[in-house]
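**Q** Generate coordinates for the entire structure from the input sequences, incorporating the hints supplied.
Chains S and V, in that order, give the protein sequences.
Once you know that position 226 of the first sequence is 225 in numbering that gives the first Met the number 0, the rest is easy, because the numbers rise by one and skip nothing.
Once you know that position 21 of the second sequence is 20 in numbering that gives the first Met the number 0, the rest is easy, because the numbers rise by one and skip nothing.
Treat the hints as calculated values from the structure; they're not laboratory data.
You may find that some hints are simply not true.
[To be verified] Straight line, CA to CA, 30 Å or less: simulated DSBU-like cross-link-like pairs of lysine-lysine:
{"#": "1", "chain 1": "S", "residue 1": "LYS619", "chain 2": "V", "residue 2": "LYS154"}
{"#": "2", "chain 1": "V", "residue 1": "LYS92", "chain 2": "S", "residue 2": "LYS546"}
{"#": "3", "chain 1": "S", "residue 1": "LYS619", "chain 2": "V", "residue 2": "LYS23"}
{"#": "4", "chain 1": "V", "residue 1": "LYS76", "chain 2": "S", "residue 2": "LYS619"}
{"#": "5", "chain 1": "S", "residue 1": "LYS477", "chain 2": "S", "residue 2": "LYS500"}
This is what each chain is made of:
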Amino acid sequence: MQQTFFFQAMIYLAAAVIMVPIAKRLGLGSVLGYLFAGIIIGPVGLHFIGEEGQDLMHFAEFGVVMLLFIIGLELEPSRLWRMRRSIAGLGGLQVGITTLVLAGAVMLLQLDWKQALVLGMILSLSSTAIVLQSLSEKNQLKTSAGESSFAVLLFQDLAVIPMLAILPLLAVSHSGATGGHKETGLLAEWPGWAQTLAVLGSVAVVIISGRYLLRPFFRLIAKTGLREIFTATALLLVVGTATLMNAVGLSPALGAFLAGVVLANSEYRHELESDLDPFKGLLLGLFFIAVGASINFHLILSRPWMILGLVGAVMIVKMAVLTGLGKLFKLATPQNLTFAFGLSQVGEFAFVLSNAARDAGILSTEIMDTLVAVVALSMVITPLVMLVNDKWIQPRLCDPDKHKPGREHDVEAEENPVIIAGFGHFGNTVGRFLRANNINTTVLDTDSDNVDLLRRMGFKVYYGDASRHELLEIAGAKQAKLIIIAIGDEEKRLEMIQTIKKHFPNLRMLVRATNRNDAYDLMNAGMMHIYRETLDTSLRMGVDAMKLLGYRAHETTRLAKTFFKEDERRLKYLSSIRNPDEYVIAVKKYVEELEETLRADRDILRAGVDDGWDGREMVKAQVELAEE
Amino acid sequence: MPSVLVQFAHPSFYRSRIQKALVKTCKKLDGITINDLYEQYPDLHIDVKREQDLLLKHDILVLQHPFYWYSGPAIIKQWLDLVLEYNWAYGPKGFALQGKKMLSAISCGGGENAYTPEGHNSFPISQFLLPYRQTASLCRMEYMPPFVVYGTHRKKSNDIDDESLMYADILSGLASGRIQPENYRGLEVINSLGHGIEG
Numbered sequence: 000m001q002q003t004f005f006f007q008a009m010i011y012l013a014a015a016v017i018m019v020p021i022a023k024r025l026g027l028g029s030v031l032g033y034l035f036a037g038i039i040i041g042p043v044g045l046h047f048i049g050e051e052g053q054d055l056m057h058f059a060e061f062g063v064v065m066l067l068f069i070i071g072l073e074l075e076p077s078r079l080w081r082m083r084r085s086i087a088g089l090g091g092l093q094v095g096i097t098t099l100v101l102a103g104a105v106m107l108l109q110l111d112w113k114q115a116l117v118l119g120m121i122l123s124l125s126s127t128a129i130v131l132q133s134l135s136e137k138n139q140l141k142t143s144a145g146e147s148s149f150a151v152l153l154f155q156d157l158a159v160i161p162m163l164a165i166l167p168l169l170a171v172s173h174s175g176a177t178g179g180h181k182e183t184g185l186l187a188e189w190p191g192w193a194q195t196l197a198v199l200g201s202v203a204v205v206i207i208s209g210r211y212l213l214r215p216f217f218r219l220i221a222k223t224g225l226r227e228i229f230t231a232t233a234l235l236l237v238v239g240t241a242t243l244m245n246a247v248g249l250s251p252a253l254g255a256f257l258a259g260v261v262l263a264n265s266e267y268r269h270e271l272e273s274d275l276d277p278f279k280g281l282l283l284g285l286f287f288i289a290v291g292a293s294i295n296f297h298l299i300l301s302r303p304w305m306i307l308g309l310v311g312a313v314m315i316v317k318m319a320v321l322t323g324l325g326k327l328f329k330l331a332t333p334q335n336l337t338f339a340f341g342l343s344q345v346g347e348f349a350f351v352l353s354n355a356a357r358d359a360g361i362l363s364t365e366i367m368d369t370l371v372a373v374v375a376l377s378m379v380i381t382p383l384v385m386l387v388n389d390k391w392i393q394p395r396l397c398d399p400d401k402h403k404p405g406r407e408h409d410v411e412a413e414e415n416p417v418i419i420a421g422f423g424h425f426g427n428t429v430g431r432f433l434r435a436n437n438i439n440t441t442v443l444d445t446d447s448d449n450v451d452l453l454r455r456m457g458f459k460v461y462y463g464d465a466s467r468h469e470l471l472e473i474a475g476a477k478q479a480k481l482i483i484i485a486i487g488d489e490e491k492r493l494e495m496i497q498t499i500k501k502h503f504p505n506l507r508m509l510v511r512a513t514n515r516n517d518a519y520d521l522m523n524a525g526m527m528h529i530y531r532e533t534l535d536t537s538l539r540m541g542v543d544a545m546k547l548l549g550y551r552a553h554e555t556t557r558l559a560k561t562f563f564k565e566d567e568r569r570l571k572y573l574s575s576i577r578n579p580d581e582y583v584i585a586v587k588k589y590v591e592e593l594e595e596t597l598r599a600d601r602d603i604l605r606a607g608v609d610d611g612w613d614g615r616e617m618v619k620a621q622v623e624l625a626e627e
Numbered sequence: 000m001p002s003v004l005v006q007f008a009h010p011s012f013y014r015s016r017i018q019k020a021l022v023k024t025c026k027k028l029d030g031i032t033i034n035d036l037y038e039q040y041p042d043l044h045i046d047v048k049r050e051q052d053l054l055l056k057h058d059i060l061v062l063q064h065p066f067y068w069y070s071g072p073a074i075i076k077q078w079l080d081l082v083l084e085y086n087w088a089y090g091p092k093g094f095a096l097q098g099k100k101m102l103s104a105i106s107c108g109g110g111e112n113a114y115t116p117e118g119h120n121s122f123p124i125s126q127f128l129l130p131y132r133q134t135a136s137l138c139r140m141e142y143m144p145p146f147v148v149y150g151t152h153r154k155k156s157n158d159i160d161d162e163s164l165m166y167a168d169i170l171s172g173l174a175s176g177r178i179q180p181e182n183y184r185g186l187e188v189i190n191s192l193g194h195g196i197e198g
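**A** Shown next as structure tokens:
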């Protein structure tokens, strides 16, 4: 089919724009939307894309690279180090056991052991793109299921490298082996020790430049004030890392992840994240579309039961192994199921590995086609499996009334005056305080571990995404007086505010804010009660610091109160300015004003605030009187 | 030997001259407990139990503070409101403070002449201190004449030293039991018992 670039781009974008909102609306998640979009525009559907789906997939795999870069950004090295046990233990066992079990099963199908081993390895991997995209969409990356999933996926990404390396060794014929070698990049001609050196060298380059070069470099770029150049730099960084890793035969995704981790502590983290996010999203979308389009329906239709049987068998085996390991690593049942259901599909690396295995002469084209169909189907089914878990299994496991039969109608009777959305460290304190004062609260949280614990402590807790209006309705948003929005995700909070404004206009909102900028956004969203996370605490710390330096407690407390009010007043003033130029001037004025205040704090605050008690004017007058 | 509890309150201590000197004096004496209220409760959140325990451990209560608007700073009122509970300090079962003594130790901006019928405050200091006097009586305590420093803003530093010495003398006189009711009965202020009384 002869098509221009524009026409193709239009088809992909249109498919995504139509299908993804529909899928989201139906509560199916964006991944499924993209997959269906792919199926519809693919060879079996409208036939807008044909065989080039495979090439497209290679291009779109770059989305996975970006995804890992962004995940790396959110993961400080110290946290990664803390996760080492679950990465090596949980991940290692998952890949090892799943490979062996599936390889064993394949041998029952009369294939030889080398083929069985390769298939086992391929099938043991899960899809980083699908799992992480879905988890982050549901804000579950930081739950124990999310962390375990991440650990396993990370190990799998690492495991791809040795897997690719041993494929040639398993090759049936030697001619095949040399054929397979063309995958290993530019350095194939080099001797082994030089290759190893190059690999270690490039990892060192990524780490060292990330540590010492990139920050000054980004500062320089940021100074130009050109946003698109900053975005270009961010893209260049990811593309460059990927290219370097490709050249030495490492996984580009892994390299990008490494670069992300190195930059996780830098001040440009959020900027990088928000700049790359749309690219990541679109490329991942493209990747899912490509997967959808590449499903060979002719093959599936010719032997539907066999293919479906294989998909079912593979997913069930994977789930069983994952559940067992989750138990071993002490995941609570609801978290364990989220973990096992989530990772039950076969991942995108299967496409890469099966190509390499065919080139090496290990797998026949027929086996490979079947494999690709099984993999793609398992990816399509995953969002559905997750949906079943979210909609039916989790609510049942986390139902507060599960242990009290005969009280099913408690949900309808929910009339607590306060709803708390998000029961992490922030919401938790608010909740405890209200509870200590006999104010009943209904809690919404997305962490099923948390839900479990709170339920045992006698809290009324619902599991789920608090920005969904159905859930708010169930939690009694119609009857409640207040809602405390204490979830940590800034965007989710804004989303919640819109939902509440639309569906529960009488519910008053008290909102947590991450920082100044977030507080501006909340003010612009019309919020009256905004609580910056660290403001009170840092001021309290300042007061104690002054006390330890010998300042008087009461005076210092009053200074802090003045400072607090002043800061809030300025925040309100600055947020009221919509015109950007005016804003810049105001901010500049604010900074000058702040400097002025800081310089004159002693005089202004002390003289101004405490003038009632022995004020200067009065003392001066008295002294003059005495001298007369 | 009677023990003395000085309840001290100054919301703006860094600019006080007299009170600073008086506190410094107190700290050098034995048998005197100073409870710095604003330092202890910077946001006026008073620990009632702690305060009552302190009262029970002492025999003489001194309320030491600058005299603002003919009364004490806000925390003194807060302290009276919260600590002197019904049926603890007063009321049919309130005997906790029975037999203890109470006096004010205050510093006033106005001179001694201001607290006369001709002066701009019109009344003697004892009139303004009536609420304290009646508080003591309701709590079954004996009320003593106050220690007063007049005209604080006009004091030179050697005057301040004199006042401090006098205050020290009074406090130690109370703590040693040297100052007895027959010494102060009928006095407008207790200051004169400071200097020149043989120990």
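**Q** Which of the numbered hints are not met once you compare them with the structure shown?
**A** Failing hint: just 2.
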